[in-house]
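A.B. asks: Each chain is listed here by its residues.
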Amino acid sequence: MELSPFYQDLFTSLNRGLLMSIALIVPSAVGGVLIGITAGAVRTYGNRFFRTMANCYAAIFRGTPLVIQLFVLYFGLPNLGIYLTPYLAAVLGFTLCSAAYQSEYVRGALLSIKSGQYLGAQALGFTTFQTIVWIILPQAFRRAIHGCGNEIIYLIKYSSLAFIVTCIELTGAGKTVATEYFRFTEVFSIIGLYYLALVSLAIIILKKIEHRLFIPGFGHH
Amino acid sequence: MMTDKKPILRVKNITKSFGDVTILNSVSIELAKGDIKILIGPSGGGKSTFLQCINCLVMPDSGEIELDNERIQFTRKQDIYRLRQEVGMIFQDFNLFDHLTALGNITVPLRKVKKMSKKEAEQRARLELEQVGLSDKESLYPAQLSGGQKQRVAIARALAMDPKILLLDEPTSALDPTLIGEVINVIKGLAVKGMTMIMATHQISLIHNLADEILFMEDGRIVEQGPPDALLAAGNKSKSQGFCDLLNELSEVEG
Ligand SMILES: Nc1ncnc2c1ncn2[C@@H]1O[C@H](COP(=O)(O)OP(=O)(O)OP(=O)(O)O)[C@@H](O)[C@H]1O
Ligand SMILES: [Mg+2]
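Top line first, the protein sequences correspond to chains A and B. So in my numbering, spot 26 of the first sequence is number 26, and the numbers just go up one at a time. Throughout, my numbering is defined as the position within the second sequence, counted from one, plus 1000.
Keep in mind the hints are simulated off the structure, nothing from the lab. All figures in this text were calculated on a predicted structure; none of them were measured in a lab. It cannot be assumed that every hint is accurate.
One-sided and incomplete, this derived list gives chain B residues near chain A with beta-carbon spacing under 10 Å [what the hints assert, rightly or not]: (1) Q1052; (2) N1055; (3) L1057; (4) L1083; (5) V1087; (6) M1089; (7) F1091; (8) L1096; (9) L1100; (10) K1114; (11) P1142; (12) R1157; (13) L1167.
Dumping the calculated DSBU-like pairs for lysine-lysine here, alpha-carbon to alpha-carbon at most 30 Å [said to hold, decoys possible]: (14) B:K1137 with A:K114; (15) B:K1077 with B:K1118; (16) B:K1115 with A:K114; (17) A:K208 with B:K1118; (18) B:K1119 with B:K1164; (19) B:K1137 with A:K207; (20) A:K114 with B:K1112; (21) B:K1118 with A:K114; (22) B:K1077 with A:K114; (23) A:K114 with B:K1114.
Beta carbons: idealized from backbone N, C-alpha and C, even for Gly.
With the hints as extra help, turn the sequences into a complete structure.
C.D. replies: Pasting the structure below:
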């Protein structure tokens, strides 16, 4: 059975958009987690100066709409002589926004680690840095993992905002076809299914990671 | 007899306040190799704070610490890290690393602090686990161990660092009465091997059998000190005597 030209167009566009979405989401999710862990650790253990910097960063990126952050990165930075491609602007915006939220989960988890863990390490001659890296963070990460996974799922959905900076991903690609054929309901329903599939896949991967990191005494199983 | 051995640890006039409250008021202690000193006294007397001052987990406000005739500079991080490597500590609530197995708990300080290779560290860790009778538990996590087993892993972990002195802060008081025995046996074994120790404990059998000297702490001071035969001699009206009588009565009630 041959698909109608509309559906042929639609799926070609959507599949291309899907690839772009994935290219946006994966680096933003990984970068968000890594920067989020660093920012969360600095916000909890950093000296006054770095702690204040990291707190300001988190406050700004959690306190302003992502749309505005993307605007500033793409349309504002050229005023300072910094030109980003639409793709880079989007990835940078998503990473920084996601990391700000991740840092909050990480910080909460760090604060929940009992002081005995820190004392135990110090008593063995660990430096403060070693204690954080080898003892506190591995535990905190396991406690934060649910929150971090949730944030990645949000990220998948707000990645559709990339069209603001003219980066054509899943939603953008679908919208073009919808406008061309004037068939909005069908197109957006199908886009919704694409996102549902993406999120389901992410949930499966996150479950796998959680499973691999599982340790008796951390969360349920 | 003890005086002709030269001290390996000298702690002099340690003072510590939290806010306006003086918790330790000029407390001193000296240990020669193989000495076992036991801290007793009422709750809040400052025993834990004193032990934690000795390895600078709590930074003293003033006083001196000398290890092997080398003065520790409280402001030098390197001095403090070295001090902590050479003075092991056992806590009341174990403080095992919850995300690591029994083996991992022992290898992680060997690898990160002593910079041993993975293989060397594991060999050493297995040896120490065997010493405390837990060879078959190396791959279990703290959540899967009993309290007594956790404390024995903690002891193995401290010993693997080859400490010159071991500080023990009520090592048995978080334990179920049925599990106290296994930890006491390990500690007695250390004493037989000549381990130098300072221990806060209310365990009457440890006080009687191990102490070279008893130090009675109250309100941040050592108010009485001496060998157990003298302090606990029948008819002696010492505070330590009264305190141990109380402990005896309690253990009779329990047992
Ligand atoms: N970080 C702290 N801040 C303020 N006060 C503290 C702190 N640590 C200990 N203290 C106080 O110091 C006093 C001595 O405490 P410490 O734990 O050293 O006593 P202890 O002799 O070990 O008692 P216990 O037998 O109950 O363990 C207590 O009154 C306690 O409240
Ligand atoms: Mg105490």
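A.B. asks: For each hint, tell me whether it holds in the structure or not.
C.D. replies: Here is what the structure says about each hint:
no., hint, in the structure
1, Q1052, "holds (8 Å)"
2, N1055, "holds (6 Å)"
3, L1057, "holds (6 Å)"
4, L1083, "holds (8 Å)"
5, V1087, "holds (8 Å)"
6, M1089, "holds (4 Å)"
7, F1091, "holds (7 Å)"
8, L1096, "holds (7 Å)"
9, L1100, "holds (8 Å)"
10, K1114, "holds (8 Å)"
11, P1142, "holds (6 Å)"
12, R1157, "holds (7 Å)"
13, L1167, "holds (8 Å)"
14, B:K1137 with A:K114, "holds (24 Å)"
15, B:K1077 with B:K1118, "holds (26 Å)"
16, B:K1115 with A:K114, "holds (26 Å)"
17, A:K208 with B:K1118, "holds (28 Å)"
18, B:K1119 with B:K1164, "holds (24 Å)"
19, B:K1137 with A:K207, "holds (28 Å)"
20, A:K114 with B:K1112, "holds (21 Å)"
21, B:K1118 with A:K114, "holds (27 Å)"
22, B:K1077 with A:K114, "holds (24 Å)"
23, A:K114 with B:K1114, "holds (25 Å)"
Hint compliance for this structure: no hint is broken.
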